[in-house]
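Asks: Residues per chain are reported as follows:
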Amino acid sequence: DAGVTQSPTHLIKTRGQHVTLRCSPISGHKSVSWYQQVLGQGPQFIFQYYEKEERGRGNFPDRFSARQFPNYSSELNVNALLLGDSALYLCASSPLGYEQYFGPGTRLTVT
Amino acid sequence: SQQGEEDPQALSIQEGENATMNCSYKTSINNLQWYRQNSGRGLVHLILIRSNEREKHSGRLRVTLDTSKKSSSLLITASRAADTASYFCATVPPFNTNAGKSTFGDGTTLTVKP
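Residue numbers (this note's numbering), protein chains in the order written: chain H, 1 to 111; chain G, 1001 to 1114.
Among these hints, one or two may not hold up.
[Said to hold, decoys possible] Label-pair restraints from in silico Cβ distances:
#, chain 1, residue 1, chain 2, residue 2, range
1, G, ARG1054, H, THR109, 40 to 46 Å
2, H, GLY40, G, ARG1080, 20 to 26 Å
3, H, PHE60, G, SER1051, 23 to 29 Å
4, G, SER1058, H, ILE12, 36 to 42 Å
By construction, these hints were calculated from the structure, which means they are not laboratory data. Ideal Cβ positions, reconstructed from N, Cα and C, are used throughout, including at glycine.
Let the sequences and hints guide you as you build the complete structure.
Replies: Below is the structure:
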């Protein structure tokens, strides 16, 4: 069975640019969550979507936005990139149970 | 600030020894979960313990939960070099029926020397 997939694997952007990260959940999972993990720290919750509706938002600025599509895949968008946005962005899917299944992440570097 | 805080930040042991990691949290929880992460890759779910449980086992893993002290521990017995990774605890708040809004600590980096 395919796990959670994320694309791209790595990304290098310049300050002020915009980035779109993509996530495909495990088949049958309707909940997708996004986390940001800065080097040396634990993941921080950004968004959760369930059935295409936002169900939760972490303490992140409005430059961060996301959406979920009818096939439950999801996009995370970040505008006006800052150096501090450099991180590993993790997507996790869940069948609305207690366990989350994480993808391999997208490593974003902002220069 | 992070809900969970792992202790120690780093742990180095010999293969075959046991490794114990601790996690403290600040507010009430629905459940607490432990994850493993290898070299900055995706997280792997290890074990979940609910707020009304005190201990749980899975293979070489043993997790305890003390809600009165707001703390949990993860014990890995008979460690192997392949256990080298970072370990995170994550909490899910009450009335939250899913783990999609987990709050993670900053992790314990475990190194198991062959």
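Asks: Looking only at beta-carbon atoms, does the pair G/SER1058, H/ILE12 fall within the given range of 36 to 42 Å?
Replies: Holds: the Cβ-Cβ distance is about 39 Å, inside 36 to 42 Å.
Asks: The hint says 23 to 29 Å between H/PHE60 and G/SER1051; measuring C-beta to C-beta, is that right?
Replies: holds (27 Å)
Asks: Per the hint of 40 to 46 Å, is the separation of the Cβ atoms of G/ARG1054 and H/THR109 within bounds?
Replies: holds (44 Å)
Asks: Between H/GLY40 and G/ARG1080, does the C-beta distance stay in 20 to 26 Å?
Replies: holds (25 Å)
Going through the hint list in order, the structure satisfies each hint without exception.
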